[in-house]
Amino acid sequence: MPAYLHPTTLAEAFEGLSQGEETRYLAGGTDLIVLLREGVIAPAALMDVKALPELQGITTTEDALEIGAAVSCGQLIASEHVGYGCTLLKQAASTLANPLLRNRATLIGNLCNASPGADMAPASLVLRGVLTTATPGGGRTIELKDFFTGVKRHVLEPNELVTKISFPLTKGRGIYLKKRRIHGHDLAQVGVAGFHDTDGSFRLALGAVATTPLLLDDFGTLSTTELANRREEIVSEAVGAARPISDVRASREYRLAMVRLFTERIVDAFANETEVQR
Amino acid sequence: MSEYHADSQEFRYIGKPVKRNDGPEKVTGTAVYAGDIVLSGMLHARLLTSPYAHARILSIDTLAAEALPGVRAVITGEHGSVKVGIYMQDKSVIATDTVRYQGEIVAAVAADTVEIAREAVSLIKVEYEPLEVLNDVREAVKPDALLLHPHLGTYAHSVGVFFPEPGSNIANHTRIRRGNMEEGFKQADLILENTFEQNQVLHVPLETHVTLVQWGVDDQIKIWSSGQSPFSVRDLFSIAFEIPRANIEVNIPFVGGGFGGKAGIHLEPLVALLSKAAGGRPVKLTPTREEECQTLPCRQGQVARIKTGCTKDGRIVAEQVEILWDAGAYADYGVNIGRASATSACGPYHIPNICVDAKTVYTNHLYGTAYRGFGHPEVFFAVERQRDLMAKELGMDPTEFRLKNLLYPGDETITGELITENTGSPDTCLKRAIELVGADVAYTEAEKAQMAASGKLRGKAAAVLQKAPAMPTWSASSALVQMNEDGSVRISVSGVDYGQGTYTILRQIAAERLKMPIEDVYINKSVITPLSPYDWQTVASRMTSICGMAVMEACDDLIKQIREIGGVALRASHHEVEFDNGEVYVRQNPHYRIAFGKIAMGYVYENGNAIGGPLIGRGKAIAQGLSNLDEHTGQGKAALDWTYGAHAVEIEVELATGDIEVLQMATVIDAGRVMNEQLLHGQIVGGALQGLGCTFSEVLLHDDQGRLLTRNFTDYKIPTFKDMPRTVYTDVVETPQLDGPYGARGAGEHPLISVTATVANALANATGVEFHDLPLSAWRVWTKLQEQKQQEQQQQESQE
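Residue numbers (this note's numbering), protein chains in the order written: chain E, 4 to 281; chain C, 391 to 1190.
Keep in mind the hints are simulated off the structure, nothing from the lab.
Incorrect hints may appear among the rest.
Said to hold, decoys possible - Computed far set for chain E versus chain C, every beta-carbon distance over 10 angstroms: (1) E18; (2) L38; (3) V158; (4) D189; (5) E235.
What the hints assert, rightly or not - Facing chain E, a subset of chain C residues (Cβ under 10 angstroms, in silico): (6) E680; (7) V1089; (8) T1110.
Ideal Cβ placement from N, Cα and C applies to all residues, glycine included.
Just need the whole structure built from these sequences, with the hints factored in.
Quick look at the structure:
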């Protein structure tokens, strides 16, 4: 059984990290506990970071929305601070697992688990999320687009703790479409997030179709008319970027078709300024 | 307390929405399940299971595990080679020389804590020699297939009921023969043959098979189990270990769901052996969800080939059915599912020439057992798909085709049972279900245009269903109805209410019969074999009908005693004594009454003299009239009663995604007599949703090495409330069953049957895509739609 650590300050947290022994940070635990139970990981200690002040709350600064690492998806969905373009996060969070799990699972935990199909990843990517981390020596910021390196792999150093994620405030419009096997809780067979910013910039992100979530952000700025005109090009780029596998959840062909369909629907909704077809 | 008014209406409690009596405990979490029970000195068990679907066990080294402090027992096949089973004793408690499915138990540990037990399991070293894997029933029945059970011929089984074929992988072969097939097919203008496939499916009870056993001194065995079958556990345990039944106490507390998966005997012998090896300390095993999915049994898979001959005017003249059941590694319970499926293999249709072969086949998959519907949901996917496909070939409306061929009074079933006015009415169910969803109303041109424009095609369909309880001819129930000091009564039965509402219905029956307020009718909510009256098993939708009859007889026995002692107290002959509302009186003088409480434990005169004694009614019922089926023709009395029903649905298929939404669904059951509307509605909705799970997402998938790919809830997807159809209609037909309590027959399993076929038929009507297998998951539907599109394009090109 791993030791359970429950620091209340960052300093205390880093003091608690023992040399040479693996400590895993515990936020919502909805992925970690599954891994522990299956014996996939066997850390010496679990450090519950939910009480650290730096990880708390949802705040809005002049130009950013900041969400702490201890914030659950349920809190995110209920928060009045998450508005305008960032409501895309609420859309995505509402498709994650089920209400019980959303009350435990955190946005940042979902990202740090680095599953290719993580529901919060496509939305956080198109919203240009930036992670802030803390380490005994200080910390850094990491753009989310540079964060994922492979299946369940990311750029964090051992013991580096993500404290929050910041999203530039935007009044643009976001859409997250997720294909799943039942209407209730399920992993994404495919997830596609699209964002059309007020400055015309357009971004897409794909989940569950490659070893990492994919961000496609080289479309430049597009008016609604240009979006409509370049629909096929955008769709082709999305389909071309996807590298899905066939498994028990869906075939490669189906995943590609859903990337195509969802991208079309997202582009159409932005181009025509209509509700997205779900 | 509400009062019973004998003459105010026909029934006071039968058919009324009496509330369940187990709500408060369950809602507050105070209900005690097997997992809640903790005994002094109790040890915890963990299992080592096979990573291979088929392998020889070369060696097992348990020394390190045994040496771990806190470990009290380690057992392997050496200790658990005894075979235990209900119909075909082909499975030993622990794998001995060979493992035949991935997940099969190879060793077990009992230790002071779960953690120690788990660590000990990790220290056991097993050397395997992987063997060739049988992954498909069609391969398994080939003459040169490798034999998974070379000793099949030596396995104990119910002789004359099951027909194993030693030297093959066929654990049972049930044959039904009627008429003359050659003549029958000669009369046919049209012959259609199709093969339908379904993979295995899981039960998914909320509570896993939790088992706690103490093998005490002098072979006194105490078992607490999350089971459906207290007396079958006792019986089969006694046979396997040659211990007198009286030594074995089986306790069944509250049970968190079973769906058939907890019928018969499961982990009790294993945990008992652990307790014995641990010097008689009690041992508890709480299977993990993964073990529930991979080690404990599932619903069998099926490949069914149906060849149907029809006249031009739509009369079925001959039908040949071959069912290969994927029993998995063991076929203990499976052989009876095979037998039952044969008796129902053509559905509720009148067909003069019949040839049915139902074979229960061993493979290296997870082994199968009873599951709600007992083979019928699978059979009816094939039969009711075949009916629609045949109607299409004939150019006939499928409902007209069904109505033309259904069983009507005077017809005989395929096993030769006469259908009477009281058997039930599948045609009425079908017509009613169709009416409820408007399944006979064609879409208008405007609607069709709207569908084409939206890319969402709608389709409707209907199908019938039937099932009879499948059980030994001698399966019986008994009941005690004892009066308490205050004149209230307490029912004791050994049927287990694991959610279906049995105890509420039995209380309704007793309150009705005894003409007393239902609040004064109690029932024991747990079963303890030395104290509770015998019941075969809680299966086959047989509780309301058979256990219900036993309760009625027990009430009648009690009434006789009420009249007798009441007569003495009232100074009247017993035939002059009337009773209601918990009081006795002389018929001609209803104003002078004596409360039941005054006679419950004996009547006491003013001078202290007492007569009578505690009043106890006893009742029993047996599956009267059932016979074994003829080995060669399958003719005989297979069914105690037939419950018929029908579904109709309207679905919407999104062409772009393959998603199917069930817009409306109607289920109509001929329940004989509705005992409790609310409970029946709950059974129908629950069954229909479970059927939709089997339709859309529930499927066990194996890789080419026979390893399970869908081994937990990540990829074994059960529906949730969000997957309910937009509108659900439930309705009933009441054709009274002559030997059912108040005319009732079972209805617990039936709502699940034919759901898959109804939706698949509607899908075909909506899109033209014909599925011969399941599930109808979005990506499989989409894939088939793509194939259809390509074929159409190719045809167009070749025409051009």
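Any Cβ of chain C at or closer than 10 angstroms to E:V158, or is the non-interface label fine?
26 angstroms, holds
Hint C:V1089 vs chain E: min CB-CB distance below 10 angstroms?
9 angstroms, holds
Interface hint for C:T1110, Cβ within 10 angstroms of any Cβ on chain E
3 angstroms, holds
Is the nearest Cβ of chain C still more than 10 angstroms from the Cβ of E:E18?
Consistent with the label, E:E18 stays out of reach of chain C, its closest Cβ about 28 angstroms off (over 10 angstroms).
Just checking, E:E235 versus chain C, shortest CB gap more than 10 angstroms?
16 angstroms, holds
Exclusion check [E:D189 not at the chain C interface, CB over 10 angstroms]:
6 angstroms, violated
When you look at the beta carbon of E:L38, is every beta carbon of chain C farther off than 10 angstroms?
At roughly 12 angstroms from the nearest Cβ of chain C, E:L38 sits farther out than 10 angstroms, so the non-interface label holds.
Cut-off 10 angstroms, beta-carbon criterion: hint that C:E680 touches chain E:
8 angstroms, holds
When each numbered hint is compared with the structure, a violation occurs for hint 4 only.
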